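Novice: As a plain string of letters, each chain reads:
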Amino acid sequence: MKKALVAALLVLTAIPLLIGVASMPPHGDPDAPMHTHVSARYIEQGEEEAGAANIVTAVILNYRGLDTAGEVTVIFTALAAALAVLIGFPAPPKDNDGVPAAPAPLSPVVSFVVRLLAPFIVLFSVYVILNGHVTPGGGFQGGAILGGLFIALTIVLGEGRTRVLLPRRGAPWMQGAALLAFVAVGILGTALTGYFLGYPAESQHLVTELMMLVIEVGIGLGGAAIFATIFLQMEEE
Amino acid sequence: MLEALWNNVDYVASVVLFCIGLYIIIAKNNLIKKFLGLNIMETAVFSFIVALGVVDGGEPPIMGPDATPPFASPIPQALVLTGIVVAVSTTALALSLIIRIYRQCGTIEADELREME
Chain A
1 MKKALVAALL VLTAIPLLIG VASMPPHGDP DAPMHTHVSA RYIEQGEEEA GAANIVTAVI
61 LNYRGLDTAG EVTVIFTALA AALAVLIGFP APPKDNDGVP AAPAPLSPVV SFVVRLLAPF
121 IVLFSVYVIL NGHVTPGGGF QGGAILGGLF IALTIVLGEG RTRVLLPRRG APWMQGAALL
181 AFVAVGILGT ALTGYFLGYP AESQHLVTEL MMLVIEVGIG LGGAAIFATI FLQMEEE
Chain B
1 MLEALWNNVD YVASVVLFCI GLYIIIAKNN LIKKFLGLNI METAVFSFIV ALGVVDGGEP
61 PIMGPDATPP FASPIPQALV LTGIVVAVST TALALSLIIR IYRQCGTIEA DELREME
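Chain order of the listed sequences is A and B. Quick note on our numbering: the first sequence kicks off at 1 and runs consecutively. Quick note on our numbering: the second sequence kicks off at 1 and runs consecutively.
Treat the hints as calculated values from the structure; they're not laboratory data. It should be emphasised that the depicted structure is a prediction, and the values quoted were computed from it without experimental measurement. There may be inaccurate statements among the hints.
As the list claims (entries may be wrong) - Just a sample of chain A residues kept apart from chain B, beta carbon distances all over 10 Å, derived:
(1) VAL113
(2) LEU123
(3) PRO167
(4) LEU180
Claimed, not checked - Taking lysine-lysine pairs in the DSS-like style, the calculated list, with each CA pair at most 30 Å apart, reads:
(5) A:LYS2 / B:LYS28
(6) B:LYS33 / A:LYS3
(7) B:LYS28 / A:LYS3
(8) A:LYS2 / B:LYS33
(9) A:LYS3 / B:LYS34
(10) A:LYS2 / B:LYS34
Claimed, not checked - To spell it out: a stretch of chain A is covered by chain B in this simulated footprint if at least three of its residues, at any positions, have a beta carbon under 8 Å from a beta carbon of chain B; those stretches are:
(11) 15 to 24
(12) 58 to 67
(13) 126 to 136
(14) 168 to 176
Cβ atoms here follow ideal geometry from the backbone N, Cα and C, with glycine treated the same way.
Here chain A stands alone, though its shape is the one from the complex:
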């Protein structure tokens, strides 16, 4: 009975979606509405107007900069909420009558490879963060790589040796780095152009690029610190 209901619901969901998909313009059609309105303008003038060769970065940091500021707020709020949920609720003491849950021994291959690759991964993430305006990449991607590396290192080396990277006094600043960078650049933009997050005129590409770089570095550091903090807090017993 329950299975029949589930199947019926899935079919009822799929049919309207499929009808909608069938009535859309063919995939990859250059004349589809998607490509003829705002996108066309961004592609035509994005490099001139926004000062980034990578139009995706131009959209994220310039045309829709406020949107990204909101997104950064979302991830920071998620960190705050996760910490509020987890802190103060330690794992219940394990009952010892069962088999003690010994952690599986770590494979030496994994441990060696992670330690071997760590410097290269750091280099790659720095490259991705700093080149966000000319190649695919940017703060979020680089930050995710850094955060992933931190998690891998914590698993391999143990918590004690990676906690140093998140010192108690500096950690809040690093977790808020993305928001702080956005606010700083936004205020700088107000001073330069009169609009919050406004970028200077098209002739001053260097200033625009520097402002974008500050945001990218802030997002990268902040994202990595937020991933690392959430992981450490989840792991804590």
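Based on these hints, arrange chain B on the given structure of chain A.
Specialist: Same frame as chain A, but now just chain B:
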């Protein structure tokens, strides 16, 4: 109808993925599995939006001396980047909530939790 579906088979794949995620959310009992289902649905939406921006023979929207049109639309890519970050945030929060539920109730099976009430 069938021909139109075949032309848009990339979108159809997203629809299938979406339904798989929905099935997992409804049918599975474990909270983590339910949440993985939600993540699959998110992935379906992201792949759908990114597929919208594709042009036949298009290049990535990165300008430069060697860049030749047509370019893929940059807007879906930017939107999906935003969406992925929000998805990560919800994942982190949901996993924290599941950990807290486990610590407080000792189980993350939905039916056992219902019996506890």
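Novice: Against each hint, give a clear statement of whether it holds in the structure.
Specialist: Hints versus structure:
| no. | hint | result |
| --- | --- | --- |
| 1 | VAL113 | 25 Å, holds |
| 2 | LEU123 | 22 Å, holds |
| 3 | PRO167 | 22 Å, holds |
| 4 | LEU180 | 17 Å, holds |
| 5 | A:LYS2 / B:LYS28 | 12 Å, holds |
| 6 | B:LYS33 / A:LYS3 | 18 Å, holds |
| 7 | B:LYS28 / A:LYS3 | 12 Å, holds |
| 8 | A:LYS2 / B:LYS33 | 18 Å, holds |
| 9 | A:LYS3 / B:LYS34 | 17 Å, holds |
| 10 | A:LYS2 / B:LYS34 | 17 Å, holds |
| 11 | 15 to 24 | holds (count 6) |
| 12 | 58 to 67 | holds (count 5) |
| 13 | 126 to 136 | holds (count 3) |
| 14 | 168 to 176 | violated (count 0) |
The structure fails hint 14 only (numbered hints given earlier).
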